Amino acid sequence: MNIHQVSNEVWGIGNDVLWNRFEKKDWPNILLPFILLRRLDICWQEEYGKWSKKKTTQTAVEQAFGTLRFKNDTATEIDAETGKALDYLLEISKNSPLATLPKLKQYVRGFNPEVLEIFQALNFFDWIEKLQNKDALQPLLFRICDKSRFDFTSASASPELMSEVFEDMIRQFAEQNNKEAGEHYTPRDAVELLVRLLLNGDIPQDGEEVDFYDPTCGTGGILSMGMKAIKERVAQARRTTPPIVKLFGQELMDLTYGICKADLLLRRDDWENIKVGDTLKNDLHAGRRFRYQGANPPYGVAWKMIQKQVEEEAAKGNQGRFPGGTPRVTDGQFLILQHMVSKMRSKQDGGGRIAVVLNGSPLFSGDAGSGDSNIRGWLLKNDLVEAIVRLPSELFFNTGITTYIWVLSNKKSGKRAGHVYLIDAADMGERMAKSLGNKRYILSEETIKEVAGWHQSKEENAKVMRVPNEAFAYYSVDIKVPVLDEKGEQKPWH
Numbered sequence: 193m194n195i196h197q198v199s200n201e202v203w204g205i206g207n208d209v210l211w212n213r214f215e216k217k218d219w220p221n222i223l224l225p226f227i228l229l230r231r232l233d234i235c236w237q238e239e240y241g242k243w244s245k246k247k248t249t250q251t252a253v254e255q256a257f258g259t260l261r262f263k264n265d266t267a268t269e270i271d272a273e274t275g276k277a278l279d280y281l282l283e284i285s286k287n288s289p290l291a292t293l294p295k296l297k298q299y300v301r302g303f304n305p306e307v308l309e310i311f312q313a314l315n316f317f318d319w320i321e322k323l324q325n326k327d328a329l330q331p332l333l334f335r336i337c338d339k340s341r342f343d344f345t346s347a348s349a350s351p352e353l354m355s356e357v358f359e360d361m362i363r364q365f366a367e368q369n370n371k372e373a374g375e376h377y378t379p380r381d382a383v384e385l386l387v388r389l390l391l392n393g394d395i396p397q398d399g400e401e402v403d404f405y406d407p408t409c410g411t412g413g414i415l416s417m418g419m420k421a422i423k424e425r426v427a428q429a430r431r432t433t434p435p436i437v438k439l440f441g442q443e444l445m446d447l448t449y450g451i452c453k454a455d456l457l458l459r460r461d462d463w464e465n466i467k468v469g470d471t472l473k474n475d476l477h478a479g480r481r482f483r484y485q486g487a488n489p490p491y492g493v494a495w496k497m498i499q500k501q502v503e504e505e506a507a508k509g510n511q512g513r514f515p516g517g518t519p520r521v522t523d524g525q526f527l528i529l530q531h532m533v534s535k536m537r538s539k540q541d542g543g544g545r546i547a548v549v550l551n552g553s554p555l556f557s558g559d560a561g562s563g564d565s566n567i568r569g570w571l572l573k574n575d576l577v578e579a580i581v582r583l584p585s586e587l588f589f590n591t592g593i594t595t596y597i598w599v600l601s602n603k604k605s606g607k608r609a610g611h612v613y614l615i616d617a618a619d620m621g622e623r624m625a626k627s628l629g630n631k632r633y634i635l636s637e638e639t640i641k642e643v644a645g646w647h648q649s650k651e652e653n654a655k656v657m658r659v660p661n662e663a664f665a666y667y668s669v670d671i672k673v674p675v676l677d678e679k680g681e682q683k684p685w686h
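In this text, residue positions in the sequence shown follow my numbering: the first is 193, and each later residue adds one.
By construction, these hints were calculated from the structure, which means they are not laboratory data. Keep in mind the model is a prediction, meaning the values are calculated, not measured. We treat Cβ as the ideally placed atom computed from N, Cα and C, and that holds for glycine. Hints should not be assumed to be uniformly reliable.
[Claimed, not checked] Derived Cβ-Cβ restraints for the label pairs, each shown as a range:
| no. | residue 1 | residue 2 | range |
| --- | --- | --- | --- |
| 1 | K496 | S348 | 45 to 53 Å |
| 2 | K683 | G606 | 56 to 64 Å |
| 3 | R480 | L353 | 27 to 35 Å |
| 4 | K217 | S538 | 55 to 63 Å |
| 5 | Q501 | R480 | 18 to 26 Å |
| 6 | S627 | R481 | 26 to 34 Å |
| 7 | E238 | D446 | 40 to 48 Å |
| 8 | S562 | L614 | 17 to 25 Å |
| 9 | Q499 | K286 | 49 to 57 Å |
Please build the complete structure, drawing on both the sequences and the hints.
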């Protein structure tokens, strides 16, 4: 099974079951929770199958749920011989369509609170009521559970593939509904480069606890790949004991929050510390500091709705999250970046590193003395900016604009101290045979290694410049030229 096969089948459900019943903009809100539910159900069947060969039925149920880190108390709805739950539910309600809704509610509400919260965040119970009222619930369930159409077994659909499936579906629905360029999702090649720039040869010690944070985590791609990269680095370094990687994130949108938590749950990764809410308005990880942070925040999104809270936080100065000041109200990228700086682990505790994708606005917008300019000055005066990498345009799914990866560190030393490395990878993308939305270029593995290698080497070349922090400093000076009258005398100032 691949992304395109799943995508075609999902669109098929939309066209055959949801068409003329629900608006297209609602399709992802309806379909994605069902795909998550089916994936959970298949994982359950696989684990139950392993344990049922060794244990009694009840013990196998308990052991399987314990292994999966989720539990469902509706064991009476599970076929003891096959371990099937959702299929069994459909079978016993086949001749009674009205029974589908109450049995489905019972099954999903049987999950433990952490998993149930995911479905509540996705408004699952509201949607299944609407589906039932429009005679679409049972047809949709049968379609999702059709193994000839969707094979969500571990052998056919790895956790990585399921993550890509979710992101691809969201991307396509966003395109269909003409969502803004800022509402985009990070492609895997860009995440891979971001993570390598972030780690930059930094290898955890044996058994060390490492925390990784994304304040705008979306579906969790940066977190998942960050964890994977850290573990790979440790394995390559032949450490005796693997690190303990703890993931932390916050996401504004309920849909992507639910997908992120479910994705990490199915990977059996650390999912308990993913929170839902507006990061700028309310830091749900207050008091925590992190060794690694990675993010791809929305571009050009206004923060006027939370202006009061942001300005109150900025007024705290160095005791708050926005000590560099506030940017123009039409773009919150610099607020997210300052928030991340405030959550860096202190130098005394080993320091922290950040890699974040931004558009060109934080680089160029605002005259000297403006909010944006003052924030840039604050970052440079504190010697936080380690490197800025210019990426190829048309690298992202929902926007073709030029983007940059900013790499920050609060423990710069040697050749990096007092300088910023500017790396130009704008012409290093490879043209894709078939575009995916606005994404027409891809970064190959060789290119990613090359760019990350330039960054790590600290040497200049035709695409790498080492620039002193002072070179970015500008002052705004008003020059008043006197105006003379016909006698050559200066006219009075107005």
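Of the numbered hints stated earlier in the document, which are not met by this structure?
4, 6 and 7
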